[in-house]
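Q: These are the residues of each chain, in order.
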Amino acid sequence: MAATREQSEFLDQPLLQRIASGDKAAVQQCIERYTGLVWSLTRRMSLNTADAEDAVQEIFVEIWRNAYRFDPAVASETTFIAMIARRRLIDRKRRAARQKDRAALDEGSAGGVTPTQSVASELGEEAANAARVLQELSSEQQRVLRLSLIQGLSHEKIATATGMPLGTVKTHARRGLLRIRQMLTGGARTPAGGEARS
Amino acid sequence: MNTHLPNLPPDQQELLNELLADRALQGLDPAQEAQLAELFRRAGIEDDDSFDLAAAAAMLASIGPVESAPASVYTRAGQAAESFSREMVNSRNMVGAPALRITEPDYVPVPPRRISSAWLGWMAAAACLAFAALGWIQMFANRQNSLAPAPSLVSLRDKLSQTPDSRRLTWKDWDNPEIKGVTGEVVWNEREQRGYMTFRGLPANDPTKEQFQLWIVDARGLAQRVSGGIFNSNGLNSGWQGEVRTEEAGGELIVEISPRIHVGEPALFAVTIEGPGGTWVSDMKRRVVAASGS
Numbered sequence: 001m002a003a004t005r006e007q008s009e010f011l012d013q014p015l016l017q018r019i020a021s022g023d024k025a026a027v028q029q030c031i032e033r034y035t036g037l038v039w040s041l042t043r044r045m046s047l048n049t050a051d052a053e054d055a056v057q058e059i060f061v062e063i064w065r066n067a068y069r070f071d072p073a074v075a076s077e078t079t080f081i082a083m084i085a086r087r088r089l090i091d092r093k094r095r096a097a098r099q100k101d102r103a104a105l106d107e108g109s110a111g112g113v114t115p116t117q118s119v120a121s122e123l124g125e126e127a128a129n130a131a132r133v134l135q136e137l138s139s140e141q142q143r144v145l146r147l148s149l150i151q152g153l154s155h156e157k158i159a160t161a162t163g164m165p166l167g168t169v170k171t172h173a174r175r176g177l178l179r180i181r182q183m184l185t186g187g188a189r190t191p192a193g194g195e196a197r198s
Numbered sequence: 001m002n003t004h005l006p007n008l009p010p011d012q013q014e015l016l017n018e019l020l021a022d023r024a025l026q027g028l029d030p031a032q033e034a035q036l037a038e039l040f041r042r043a044g045i046e047d048d049d050s051f052d053l054a055a056a057a058a059m060l061a062s063i064g065p066v067e068s069a070p071a072s073v074y075t076r077a078g079q080a081a082e083s084f085s086r087e088m089v090n091s092r093n094m095v096g097a098p099a100l101r102i103t104e105p106d107y108v109p110v111p112p113r114r115i116s117s118a119w120l121g122w123m124a125a126a127a128c129l130a131f132a133a134l135g136w137i138q139m140f141a142n143r144q145n146s147l148a149p150a151p152s153l154v155s156l157r158d159k160l161s162q163t164p165d166s167r168r169l170t171w172k173d174w175d176n177p178e179i180k181g182v183t184g185e186v187v188w189n190e191r192e193q194r195g196y197m198t199f200r201g202l203p204a205n206d207p208t209k210e211q212f213q214l215w216i217v218d219a220r221g222l223a224q225r226v227s228g229g230i231f232n233s234n235g236l237n238s239g240w241q242g243e244v245r246t247e248e249a250g251g252e253l254i255v256e257i258s259p260r261i262h263v264g265e266p267a268l269f270a271v272t273i274e275g276p277g278g279t280w281v282s283d284m285k286r287r288v289v290a291a292s293g294s
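In order, the protein sequence lines correspond to chains A and B.
Residue numbers for the first sequence, in the working numbering: 1 to 198.
Residue numbers for the second sequence, in the working numbering: 1 to 294.
Bound conformation, chain B alone:
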């Protein structure tokens, strides 16, 4: 296994490996960074992530079970996502990275050629097998789904509301609401982490300008809230990618509740009006209805 970088003598290859190992384990000081950059230049390579990936794999092997993050962490990550989305819009002028595309989902950038792309051939084969298996499973699942008609939301809601540990809460106008007089209720089952909202009198929205968003708030107050789903009052194209089911039946709009993370003991369900696509960081100013558990 004596493959060498032809541009580097053995002692410099050894130094390169030591620096790469040290970078992966504890980081480098500026002098070492400069030394590493010089060795990369001499070797004619851009970088080498292999030691960092090894350290990451070892850390993954050692961290124990993945913890659930508190809601505040999701909120902070969401704030970062909003900033990054603005950065994406302006990214066409970024140096060193391919232009980010916002609309057309048909372009995949080719990653820059990296020295580390050549190793792990066996992993590529394993990944192909895994993808093939996943694809087969997904195809099978889709086939099953396409064969069985989905039950109506009315029946799902009614069934859930009859479950002994489900809660049923009534919508009320929420603090000087932008839209008044909307009625209905929420059915929520904490154990199953799912629920359904029913609205009567919720006017049609223009999804290109605004959408409704459900917030689920725990007992600590409004700061501890998670998004329960984004929806339109005409029932069409609800959710991040249409994945939140809605249904109109008998003058009622029924919307499934689809929280993005585990929700524990919600104290308040509240609906706001947000921009298209919803938000991670609502100022909660455009209020509609709320249903309190207390």
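Only chain A is shown next, with the shape it has when bound in the complex:
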């Protein structure tokens, strides 16, 4: 029953690479390892429990289908999975908004939690660094980003909720995100050729 060296090396690969190469056991391990994270992200951005359970199912399928795109040199598996989850949740929110504009603006619940490095560090180096950058942003930028990232509100709804002009909301959101992106790239070349303008 001893595994060969090749088998051991295969099992040491990131789960997403194993899934991309057709390893069904890695699909199961992915559920075991990441359901808590996906659930937590989903609960933050979903309207109710039933909606969240549907979303988790969709997200996992999306993760497995996109596993071949994962590149450990670019981001951690956790961040990649969170990215796929966010995209799916944003899609669902936009679909739901088209069907019925029911998002109640409740800024009190939109605050999420203050980013702390002790919690973020458990989710990887990128999250810990992002927490550091978030804390360096102005309070208005933090507020806008939290409403956008955690609550998934549109720029227009954030403007309504905060009383800020729409242009200011867009500037805060984009500049805040650019700061985080710049931190992730370590000040290196920006992929789309631009630069953080804050």
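Simulated from the structure, these hints should not be mistaken for laboratory data.
Just so you know, not all the hints are guaranteed correct.
[As the list claims (entries may be wrong)] Covered by chain B, per the in silico footprint, the following chain A stretches (three or more residues, Cβ under 8 Å):
| no. | region |
| --- | --- |
| 1 | 66 to 80 |
| 2 | 83 to 92 |
| 3 | 126 to 137 |
| 4 | 151 to 164 |
[What the hints assert, rightly or not] Residues on chain B that point at chain A, a partial pick, calculated with CB under 7 Å:
| no. | residue |
| --- | --- |
| 5 | L25 |
| 6 | F51 |
| 7 | D52 |
| 8 | M59 |
| 9 | A61 |
| 10 | S62 |
| 11 | E67 |
| 12 | S68 |
| 13 | V73 |
| 14 | A77 |
| 15 | A81 |
[Stated by the list, open to error] Each computed DSBU-like pair below joins lysine-lysine, with the alpha-carbon atoms no more than 30 Å apart:
| no. | chain 1 | residue 1 | chain 2 | residue 2 |
| --- | --- | --- | --- | --- |
| 16 | B | K209 | B | K180 |
| 17 | A | K157 | A | K170 |
| 18 | B | K209 | A | K24 |
| 19 | A | K24 | B | K285 |
| 20 | B | K180 | B | K285 |
Even glycine gets a Cβ: it sits at the ideal position worked out from N, Cα and C.
Using the hints provided, position chain B relative to the given structure of chain A.
A: Only chain B this time, still in chain A's reference frame:
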């Protein structure tokens, strides 16, 4: 830091960044999607995930502690996994993705070349260091494991059963079972989240056709169950990858209980017969034994 995509003038680069930031934060409408696709085409790139990854990292930094998902979420994810496994089998004809391989564990697909692969060099170095550290830790752990003989399941079971807060439950035939007359017991410790099953009279199974699977059910009923492990009655190759230990001793089969998630106040332990590899979504029709806590 004035590196530019040579195919795009500055105003279009700025527009590209704005669209990428907006996509990462709130998604795009169809017109904006089309605009972004056109800018990608002009820039000669496939896509750019860097803003989405930044948003994901920021969200991870803001969500607070990771919650435990309820059992029903694992069940739903398991259902999705079963569907996806069927999709994997048929994936050789998928367009736009490398063919998924089901059997030979020696092929790793090369991800498509992406514009974002070039940035984060420092992260690659950090990842290498982390992997090296993990590898060293694992090697050290393996070495320790190889030096110390693992205690027998009999001794582990007996020790756990003597722990004051452990529960000991007796197997009984479960509702017109497919295999009758199997006896034995379950020892379970909720605080330690581990336990052992003992079986007497459990006939040999053919692992290529079927395997036994333990289900742990909480007080809300059968719908709230988690897999406690998959095993063979000959003790060989049990578990998802052989990780569930089994042992034959004195006419008894002892199997460790290895739940995939935290189990709270189990009301019933039950064993079914499932296909090779077990299942996430048993119909619970092929029943063997059950041990009730009430």
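Q: Run every hint past the structure and note whether it holds.
A: Hints, verified against the model:
no. : hint               : in the structure
1   : 66 to 80           : holds (count 12)
2   : 83 to 92           : holds (count 6)
3   : 126 to 137         : holds (count 8)
4   : 151 to 164         : holds (count 4)
5   : L25                : holds, 5 Å
6   : F51                : holds, 6 Å
7   : D52                : holds, 5 Å
8   : M59                : holds, 5 Å
9   : A61                : holds, 4 Å
10  : S62                : holds, 5 Å
11  : E67                : holds, 5 Å
12  : S68                : holds, 6 Å
13  : V73                : holds, 5 Å
14  : A77                : holds, 5 Å
15  : A81                : holds, 5 Å
16  : B/K209 with B/K180 : holds, 20 Å
17  : A/K157 with A/K170 : holds, 11 Å
18  : B/K209 with A/K24  : holds, 18 Å
19  : A/K24 with B/K285  : holds, 25 Å
20  : B/K180 with B/K285 : holds, 14 Å
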